[in-house]
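Colleague: Top line first, the protein sequences correspond to chains A and B.
Using our numbering, the first residue of the first sequence is number 1, and each one after it goes up by one.
Using our numbering, the first residue of the second sequence is number 1, and each one after it goes up by one.
These are calculated hints, taken from the structure and not from any lab test.
Heads up, some of the hints might be wrong.
With a cut-off of at most 30 Å between alpha-carbon atoms, the simulated DSSO-like pairs for lysine-lysine come out as follows [as the list claims (entries may be wrong)]:
#1 A:K286 <-> B:K37
#2 A:K317 <-> A:K274
#3 A:K37 <-> B:K286
#4 A:K114 <-> A:K257
#5 B:K274 <-> A:K274
#6 B:K37 <-> A:K290
#7 A:K286 <-> B:K114
#8 B:K290 <-> A:K37
#9 B:K286 <-> A:K274
#10 A:K317 <-> B:K274
#11 A:K286 <-> B:K207
#12 A:K207 <-> A:K257
#13 B:K290 <-> A:K274
#14 B:K126 <-> B:K207
#15 B:K257 <-> B:K114
#16 B:K286 <-> A:K290
#17 A:K290 <-> B:K274
There are 2 protein chains.
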Amino acid sequence: MRILLVGAGGVGSAFAAIAARRDFFETIVVADYDQAKAETAAATDARFVAARIDASDAASVTALCREHRITHVMNAVDPVFNMPIFDGAFEAGADYLDMAMSLSYRHPEAPFEKVGVKLGDAQFEKAGEWESSGRLALVGIGVEPGLSDVFARYAADHLFSEIDELGTRDGANLTVTDDDGNEIFAPSFSMWTTIEECLNPPVIYEKARADVDGGWFTTAPFSEPEVFDFPEGIGPVECVNVEHEEVLLMPRWVDCKRATFKYGLGDEFITILKVLNTLGLDRTEKVRVKGVEVSPRDVVAAVLPDPATVGPRMRGKTCAGLWVTGTGKDGSPRSTYLYHVVDNEWTMREYGHQCVVWQTAINPVVALELLARGTWQGAGVLGPEAFDAVPFLDLLTEYGSPWGQVER
Amino acid sequence: MRILLVGAGGVGSAFAAIAARRDFFETIVVADYDQAKAETAAATDARFVAARIDASDAASVTALCREHRITHVMNAVDPVFNMPIFDGAFEAGADYLDMAMSLSYRHPEAPFEKVGVKLGDAQFEKAGEWESSGRLALVGIGVEPGLSDVFARYAADHLFSEIDELGTRDGANLTVTDDDGNEIFAPSFSMWTTIEECLNPPVIYEKARADVDGGWFTTAPFSEPEVFDFPEGIGPVECVNVEHEEVLLMPRWVDCKRATFKYGLGDEFITILKVLNTLGLDRTEKVRVKGVEVSPRDVVAAVLPDPATVGPRMRGKTCAGLWVTGTGKDGSPRSTYLYHVVDNEWTMREYGHQCVVWQTAINPVVALELLARGTWQGAGVLGPEAFDAVPFLDLLTEYGSPWGQVER
Numbered sequence: 001m002r003i004l005l006v007g008a009g010g011v012g013s014a015f016a017a018i019a020a021r022r023d024f025f026e027t028i029v030v031a032d033y034d035q036a037k038a039e040t041a042a043a044t045d046a047r048f049v050a051a052r053i054d055a056s057d058a059a060s061v062t063a064l065c066r067e068h069r070i071t072h073v074m075n076a077v078d079p080v081f082n083m084p085i086f087d088g089a090f091e092a093g094a095d096y097l098d099m100a101m102s103l104s105y106r107h108p109e110a111p112f113e114k115v116g117v118k119l120g121d122a123q124f125e126k127a128g129e130w131e132s133s134g135r136l137a138l139v140g141i142g143v144e145p146g147l148s149d150v151f152a153r154y155a156a157d158h159l160f161s162e163i164d165e166l167g168t169r170d171g172a173n174l175t176v177t178d179d180d181g182n183e184i185f186a187p188s189f190s191m192w193t194t195i196e197e198c199l200n201p202p203v204i205y206e207k208a209r210a211d212v213d214g215g216w217f218t219t220a221p222f223s224e225p226e227v228f229d230f231p232e233g234i235g236p237v238e239c240v241n242v243e244h245e246e247v248l249l250m251p252r253w254v255d256c257k258r259a260t261f262k263y264g265l266g267d268e269f270i271t272i273l274k275v276l277n278t279l280g281l282d283r284t285e286k287v288r289v290k291g292v293e294v295s296p297r298d299v300v301a302a303v304l305p306d307p308a309t310v311g312p313r314m315r316g317k318t319c320a321g322l323w324v325t326g327t328g329k330d331g332s333p334r335s336t337y338l339y340h341v342v343d344n345e346w347t348m349r350e351y352g353h354q355c356v357v358w359q360t361a362i363n364p365v366v367a368l369e370l371l372a373r374g375t376w377q378g379a380g381v382l383g384p385e386a387f388d389a390v391p392f393l394d395l396l397t398e399y400g401s402p403w404g405q406v407e408r
Numbered sequence: 001m002r003i004l005l006v007g008a009g010g011v012g013s014a015f016a017a018i019a020a021r022r023d024f025f026e027t028i029v030v031a032d033y034d035q036a037k038a039e040t041a042a043a044t045d046a047r048f049v050a051a052r053i054d055a056s057d058a059a060s061v062t063a064l065c066r067e068h069r070i071t072h073v074m075n076a077v078d079p080v081f082n083m084p085i086f087d088g089a090f091e092a093g094a095d096y097l098d099m100a101m102s103l104s105y106r107h108p109e110a111p112f113e114k115v116g117v118k119l120g121d122a123q124f125e126k127a128g129e130w131e132s133s134g135r136l137a138l139v140g141i142g143v144e145p146g147l148s149d150v151f152a153r154y155a156a157d158h159l160f161s162e163i164d165e166l167g168t169r170d171g172a173n174l175t176v177t178d179d180d181g182n183e184i185f186a187p188s189f190s191m192w193t194t195i196e197e198c199l200n201p202p203v204i205y206e207k208a209r210a211d212v213d214g215g216w217f218t219t220a221p222f223s224e225p226e227v228f229d230f231p232e233g234i235g236p237v238e239c240v241n242v243e244h245e246e247v248l249l250m251p252r253w254v255d256c257k258r259a260t261f262k263y264g265l266g267d268e269f270i271t272i273l274k275v276l277n278t279l280g281l282d283r284t285e286k287v288r289v290k291g292v293e294v295s296p297r298d299v300v301a302a303v304l305p306d307p308a309t310v311g312p313r314m315r316g317k318t319c320a321g322l323w324v325t326g327t328g329k330d331g332s333p334r335s336t337y338l339y340h341v342v343d344n345e346w347t348m349r350e351y352g353h354q355c356v357v358w359q360t361a362i363n364p365v366v367a368l369e370l371l372a373r374g375t376w377q378g379a380g381v382l383g384p385e386a387f388d389a390v391p392f393l394d395l396l397t398e399y400g401s402p403w404g405q406v407e408r
């Protein structure tokens with residue numbers, strides 16, 4: 001296996017650090033628009049080489065694949081670049097993996113009721129070509145989407161006879177301090193992507209509505225607030241509906257009556273996002289400011305600490321998981337939360353990467369190892385729930401990062 | 001009287017429209033960095049001429065004064081330009097008026113307890129030169145500071161024998177709608193200045209502390225929240241301490257135990273300002289964003305509607321006033337609110353300018369007319385409370401915009 005890793009930011013660098021401890025691949029070409037970042041991440045291991053790439057240009061991706069005889073392209077950049085990387089990999093005859101799907105575009109007339117272009121639509125449109133070429137695009141194989149989707153498959157195969165709701169629930173108790181020890185606001189993930197996710201109309205799936213838009217519909221941002229009690233000491237966090245890939249992926253392979261994604265943003269973050277939206281600072285179109293042109297959302301991201309650098313000043317745990325309700329294998333009602341908790345102190349000590357990017361990055365490494373072994377095989381555009389969950393969960397545990405299960 | 005109006009923004013343009021109806025001056029030179037803006041404002045009246053000026057350059061101000069034999073320089077730009085305009089006017093032998101004083105700089109060690117460089121300090125430092133030259137710098141003669149300071153003098157001369165607190169209280173019930181009639185967030189005043197005022201440490205005066213920093217001290221932003229019930233249908237609005245000139249001006253000429261300024265920001269605006277501060281979007285130092293350098297605060301101002309253009313889509317009233325408590329002339333306890341309410345519908349219909357900038361602009365026109373008549377006379381750097389309040393309040397009423405008084 002010869003991997004092209006596109007993107008040496010927070011998640012890409014953590015991916016390199018995790019993969020460096022495994023022997024299932026021959027080489028990883030670490031490529032970034034910023035050659036210096038690629039070189040830093042590539043310095044981890046003798047099997048890594050650094051390269052410069054323009055992820056917005058499919059031809060640049062294809063050329064780099066051919067130059068290094070790449071078998072698998074691992075996309076670790078913002079999803080705005082998904083399509084050129086996806087197309088560039090196909091053109092080069094390589095398989096493809098990402099951790100977020102192609103972008104959605106809201107319904108022009110009823111954005112908070114009906115779906116427009118959905119997350120991943122642009123990729124699923126090309127599923128036939130991938131399948132007939134015998135090539136695999138494994139989409140959404142980070143932690144969420146990714147591990148959450150593996151949990152959905154596991155629940156359907158081993159825990160439930162009938163599923164009412166597949167409810168992804170994500171929460172944390174992370175805090176970041178400045179040099180003087182004062183708590184500061186510092187998102188643990190790309191602020192650009194967080195704004196995109198949280199201010200887009202959240203999408204929900206309901207089987208009963210399958211005759212309309214396939215069962216998918218949208219609501220207003222921050223809808224259906226719910227306090228979810230997260231395990232392993234994290235405790236209760238206010239969660240709201242957020243647009244996320246699980247809702248689009250799970251119902252394609254796992255039978256369920258409803259699929260939701262709620263993100264534990266907490267009060268402060270919700271207020272911040274609402275204010276950015278009220279002022280128009282979430283906008284991506286450039287505005288003219290004293291002689292220069294700049295995107296307001298890029299400015300917001302630029303004034304905040306870089307999520308890749310906050311690790312040493314961060315404390316706490318992050319939890320990704322899937323709350324499944326329905327009927328158990330024994331015929332009685334069941335409510336189970338399948339989860340994965342990561343402590344920032346542990347990831348910083350063990351890997352030198354903060355827990356949120358590390359938790360995202362470990363899952364595609366596990367998936368690539370299963371693909372290298374031939375345990376996972378497939379062709380087309382597939383989500384993680386299209387594969388057997390057990391070998392994935394076992395290998396994740398073998399990597400030293402076990403998952404958990406609790407009845408609720 | 002030959003006036004140089006520096007700045008043809010919201011307040012400058014309203015000043016021109018109000019002055020156009022009066023006959024106390026010979027000419028007004030309307031000058032702006034943007035010549036087109038100056039020309040638009042100057043088109044109001046045959047006695048007006050347009051000019052270009054660089055308000056950051058004292059020599060440019062002096063040259064323009066000499067070219068047009070200016071007797072009075074009216075500063076209507078952001079207070080960041082105060083000193084070059086103030087110095088340029090002095091150099092040209094002209095009198096000077098402004099509506100906000102030179103900027104403050106926080107105390108380096110205890111910014112939320114002690115004053116550093118106070119509002120107006122840079123101007124008062126030069127009071128001796130102005131006085132010995134027989135020239136007048138009338139500072140803070142907008143509505144707040146300005147009319148509020150006139151009220152302070154009026155209260156001391158005619159209503160109170162002893163004053164406990166001079167509490168400026170500013171509130172409104174203004175709303176702005178978009179083209180579809182939906183309410184939007186659109187500040188009625190310069191967002192840059194609003195951020196400056198509201199996030200700087202608020203200043204308070206207490207006579208009992210006169211041995212420390214002359215009685216002035218600071219608190220944390222948004223301190224001492226208080227719901228104040230504004231007259232003429234505006235109703236209760238949440239007010240908080242804000243750094244403002246009245247607190248620095250009033251105690252210099254009017255004996256009082258305490259002076260405060262509370263601004264009726266309301267919940268939403270307070271939340272917005274806190275979020276901008278949390279994220280660092282209130283910062284003025286430039287940050288690098290994808291190859292360009294930009295000041296975050298300029299970006300915030302740029303994404304919001306221009307306050308000079310929101311008038312037609314604005315509804316409601318704004319109130320500026322002074323709440324005075326103490327002992328009345330008859331020796332019994334007294335609590336009086338002196339105020340000036342302006343309805344946006346009226347200012348738009350009568351003058352084509354929104355109420356907040358119009359209410360700011362009318363006061364320097366009244367003051368200039370009193371100076372032209374010789375009713376007000378003085379030399380040095382003086383606040384509005386250094387002059388007799390009665391002729392000012394009478395002339396304001398004669399302009400068609402009466403003030404009010406209510407016992408509380």
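Colleague: Taking the numbered hints from earlier one at a time, note which ones the structure violates and give those numbers from smallest to largest.
Modeller: 7, 11
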